[in-house]
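Just so we're aligned, residue 1 is where the sequence shown starts under UniProt numbering, counting upward by one.
Keep in mind the hints are simulated off the structure, nothing from the lab.
Since the structure is predicted, the reported quantities are computational estimates derived from the model, not experimental observations.
Treat the hints with care, since some could be wrong.
Just the calculated beta-carbon pair ranges, DEER-fashion [unchecked claim]:
1. Met13 x Arg34: 29 to 37 Å
2. Val26 x Asp2: 14 to 22 Å
3. Leu23 x Asp2: 12 to 20 Å
Note that the Cβ used here is the ideal one computed from N, Cα and C, for glycine as well.
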Amino acid sequence: MDIWALGCTVLEMLTGEIPWTRLHDVEDVLMEVRNGCQPEFLG
Numbered sequence: 001m002d003i004w005a006l007g008c009t010v011l012e013m014l015t016g017e018i019p020w021t022r023l024h025d026v027e028d029v030l031m032e033v034r035n036g037c038q039p040e041f042l043g
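Go ahead and model the full structure; you've got the sequences and the hints to work with.
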């Protein structure tokens, strides 16, 4: 398991939600990165 997968798993366990569910495909992720957006904090 890599550190990214571990972090996603821990976030899902703590919040009961899958992290960053509004990003549905690679194009959405690339657009977020290109625009300089940071991930929302869950909580």
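How the hints compare with the structure:
1. Roughly 31 Å separates the CB atoms of methionine 13 and arginine 34, a value that falls within the hinted 29 to 37 Å.
2. Valine 26 and aspartate 2 have their C-beta atoms about 18 Å apart, which keeps the hinted 14 to 22 Å range intact.
3. Checked against the given bound of 12 to 20 Å, the beta carbons of leucine 23 and aspartate 2, roughly 19 Å apart, stay inside it.
Every hint from the earlier list agrees with this structure, and none is contradicted.
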